[in-house]
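Participant: The lines below spell out each chain.
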Amino acid sequence: MRRRRILIAVLAALALAAPVTAAAQSREVFVPLLVYRTGPYAPSGIPIADGFVDYFTLLNERDGGINGVKLAWEECETQYDNKQGIECYERLKGKSPVVVNPYSTAITYSLIPKAPVDKIVVFSMGYGMSAASDGRWFPWVFNFPTNYWSQASAVIRYIGAQEGGLEKLKGKKVAHIFHNSAYGKEAHPTLEELAKKYQFELSLLAVDHPGQEQKATWLQVRRLNPDWIFMSGWGVMNQVAIKEAVSIGFKMDHLIGNWWSANDSDVVPAGEGAKGYKGATFHAPGTNFKVHADLLKLVYEKGKGSAKKEDLGAPLYNRGIVNAMLTAEAIRTAMTKFGNKPLTGEQVRWGFENLNLTEQRLEQLGMKSFTHPVKVTCEDHEGSGPVLIQQWDGKKWNVVSDWIAPMRDVVRPKIEGAAVEESKKLGYTMRDCAKEK
Amino acid sequence: MIYREAGQFKTTYAADQAVFSIVQDRVAVAAAVVGAFVVPPLVASEYWLQAVLIPFLVYALAAIGLNLLTGYAGQLSLGTGGFMAVGAYSAFKLATAFPHLNVLVVFVLSGLVAAGVGLVFGIPSLRIKGFYLAVATLASQFFLVWLFNKVAWFTNYASSGTITAPDRTLFGVVITGPNSAPSARYLVALGLVAVFAVIAKNLVRGRIGRSWMAIRDRDIAAEIIGVRPLRTKLLAFGISSFYCGVAGAGLVFLYLGSAETLAFDISISFLVLFMVIIGGLGSILGSFLGAAFIVLMPIVLANAPHALGLRLPVALQKQIELMVFGGLIIFFLIVEPRGLARLWQITKEKLRLWPFPH
Chain A
43 MRRRRILIAV LAALALAAPV TAAAQSREVF VPLLVYRTGP YAPSGIPIAD
93 GFVDYFTLLN ERDGGINGVK LAWEECETQY DNKQGIECYE RLKGKSPVVV
143 NPYSTAITYS LIPKAPVDKI VVFSMGYGMS AASDGRWFPW VFNFPTNYWS
193 QASAVIRYIG AQEGGLEKLK GKKVAHIFHN SAYGKEAHPT LEELAKKYQF
243 ELSLLAVDHP GQEQKATWLQ VRRLNPDWIF MSGWGVMNQV AIKEAVSIGF
293 KMDHLIGNWW SANDSDVVPA GEGAKGYKGA TFHAPGTNFK VHADLLKLVY
343 EKGKGSAKKE DLGAPLYNRG IVNAMLTAEA IRTAMTKFGN KPLTGEQVRW
393 GFENLNLTEQ RLEQLGMKSF THPVKVTCED HEGSGPVLIQ QWDGKKWNVV
443 SDWIAPMRDV VRPKIEGAAV EESKKLGYTM RDCAKEK
Chain B
3 MIYREAGQFK TTYAADQAVF SIVQDRVAVA AAVVGAFVVP PLVASEYWLQ
53 AVLIPFLVYA LAAIGLNLLT GYAGQLSLGT GGFMAVGAYS AFKLATAFPH
103 LNVLVVFVLS GLVAAGVGLV FGIPSLRIKG FYLAVATLAS QFFLVWLFNK
153 VAWFTNYASS GTITAPDRTL FGVVITGPNS APSARYLVAL GLVAVFAVIA
203 KNLVRGRIGR SWMAIRDRDI AAEIIGVRPL RTKLLAFGIS SFYCGVAGAG
253 LVFLYLGSAE TLAFDISISF LVLFMVIIGG LGSILGSFLG AAFIVLMPIV
303 LANAPHALGL RLPVALQKQI ELMVFGGLII FFLIVEPRGL ARLWQITKEK
353 LRLWPFPH
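For the protein sequence lines, the chains are A and B, in the order given.
The first sequence begins at 43 in the working numbering and counts up one residue at a time.
The second sequence begins at 3 in the working numbering and counts up one residue at a time.
Simulated from the structure, these hints should not be mistaken for laboratory data.
Any given hint could be a false lead.
[Claimed, not checked] Below 30 Å or equal to it, Euclidean Cα-Cα: the simulated DSSO-like pairs (lysine-lysine) are:
no., chain 1, residue 1, chain 2, residue 2
1, A, Lys456, B, Lys152
2, A, Lys467, B, Lys131
3, A, Lys417, A, Lys156
[What the hints assert, rightly or not] Just the calculated beta-carbon pair ranges, DEER-fashion:
no., chain 1, residue 1, chain 2, residue 2, range
4, A, Gly136, B, Val41, 18 to 28 Å
5, A, Gly136, B, Val175, 20 to 30 Å
6, A, Asn398, B, Leu314, 51 to 61 Å
7, B, Tyr15, A, Gly136, 48 to 58 Å
8, B, Val175, A, Val462, 25 to 35 Å
We treat Cβ as the ideally placed atom computed from N, Cα and C, and that holds for glycine.
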């Protein structure tokens, strides 16, 4: 009985002590990291978190932060779960963060309404709500360099090119295998519209969370016998899907994953069979860039790296680098206006909105031809950046296409329409971009 | 000493049948309720309200609902997540279709919709018992979640399938949606829980609760003494689903703000069932204790290393958290298989004798 009371007392003391967290130091910019290193989404979550943290470490080690202002961050485990994500966000909010990367479309949807209230930028790089690309309605949300709808249109353009022209898509069967969640469904409106426009037959095949059991889906694939499969998977779902595709003997070079479904951890479990599998991306895979040399020299040789050395250059690891770089460049842009000091969320929001990442700047960062330049404007928080297709050759990923432009003529009107719809739910009004600056 | 009843005489039947027949209990509960209404909105940080107290209240309501069905009427159910989803989606549909409808009315109506669905899925309970019934209710869980995922009408044709709580006011104060203050949402959740907990407590003391317990303890005997199994069991399903439905609406409108069907998957059904088992089957207090344990413990464990000044890698910390959490569940179930509520009851009995145990 006494022991039990002591236990209860200790737990109560911990509960009371918990929210007392140290405030961020005054010479730092704090960025919370919602990560998932455990659970069914860990295969995807680990490399992206490692890439992000390593690039921030590099900035602190090499340049002493951004213009002398150190970067501070703290990871919080969400397990890709909405409720845990909100708990993390609320816990880290106490440290006055300037930008949050939710790393989950569902968590992004939950954080979007909070952003203008808390004055914290939501940067969902290549995920989240596509409609938020219209910056007139969603000033606090950014999803550049490109969003799910742009990606879907670019992939259809690529498939068209492989078939010998977009008009040849007529009558072809395209299946979309998707994670049955807000994330997986996000591409549907664009795919449906393109299916009407180019008259291909679109089938939507759902895989339920977490995606370890997909026999029923692939049975349907066998029955449909589609010409092309586009896949929006995440976590353990990807490797299971690729293994299933191999086992039914689907042509691997006709299976294209979106940019969250094409990592080393997705293809390696399927072994030789995965050879030929394709995936979309908005940056190059591999380690042949100056930034990787810097990472190895300044971070890994000092023992401060968070991944294993041989995991550098995996597509998702590199995406973590791109995400961290874009975040850092946006903060740097904000500093040109507000000075080299720790900034507020509102100031960083301005930095995001006025980010202009040029070819020269990428070269200075050691990322020449690593990713595409981006220009963000008040109207356009997406930039409709182009997409690359990469292919797995059994050992590594190779880029097999040029930069493919999304169909902006199709996507942008849809975004503007959807932005009105989504804003109506949140009670937003449109701002006048002419009055900004 | 604290619980000395000497001198408290009951001179009327009403006094004898009161919910809290001892003065100390009445004072303590009244103080706790008043404290819960006054103190947190004044002192608690946004983190405490948003990440700890509101989820606790929402889950407590769901746990009361399941406790009525499983703890009192003895019908094992794994459909809680599905019934919560019914509440959440009907609240969303009602709130968006009738923007001027009072949000509290929306909550009650969505509870009624959930009750209707619960009645339908309760029908098999007349023929199926025990674990087999659990499997049958599992079907409702999967069917309902599948339905909301499949039919776009439920989400107002949102491309992502996500429902978002709109801004709604009560007495001029925004209480749901993105612009609502956490303290306002907390007070609404607390109000709902307080009212429905009182109703539940009185239900289980009265004729309905007694007929549920009769069915639970021996259904054939209950039938012989005149309890009608059909009505009793369906009533249990209906009322339980009503509670779960209101909790589901609260989950989206007061806690998460937006949700997809993933928020109502099978894991939530188990979570609420664990709350009921750990808290104590057949106890309203147990529902609160169980919800507190399941909601608070992971948060305490997640914050503990920080509070102690340790900096662990997040993955390791999460794994330790899961192991300690699992260990604690086993520990409490071994120490007191009848739940935390029973533990409290034993403590109370000891306090009554203290300091002269014999």
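Participant: If a hint holds in the structure, say so; if it doesn't, say that too.
Facilitator: Taking the hints in turn, this is what the structure says about them:
1. A:Lys456 - B:Lys152: Distance ~22 Å between Lys456 of chain A and Lys152 of chain B Cα, so the pair holds.
2. A:Lys467 - B:Lys131: 44 Å, violated
3. A:Lys417 - A:Lys156: 25 Å, holds
4. A:Gly136 - B:Val41: 18 to 28 Å: 20 Å, holds
5. A:Gly136 - B:Val175: 20 to 30 Å: Holds, at about 25 Å.
6. A:Asn398 - B:Leu314: 51 to 61 Å: 40 Å, violated
7. B:Tyr15 - A:Gly136: 48 to 58 Å: The hinted range 48 to 58 Å holds for Tyr15 of chain B and Gly136 of chain A, with Cβ atoms some 53 Å apart.
8. B:Val175 - A:Val462: 25 to 35 Å: Hint holds: Cβ distance 28 Å, inside 25 to 35 Å.
The structure does not agree with the numbered hints 2, 6 stated previously, though it agrees with the rest.
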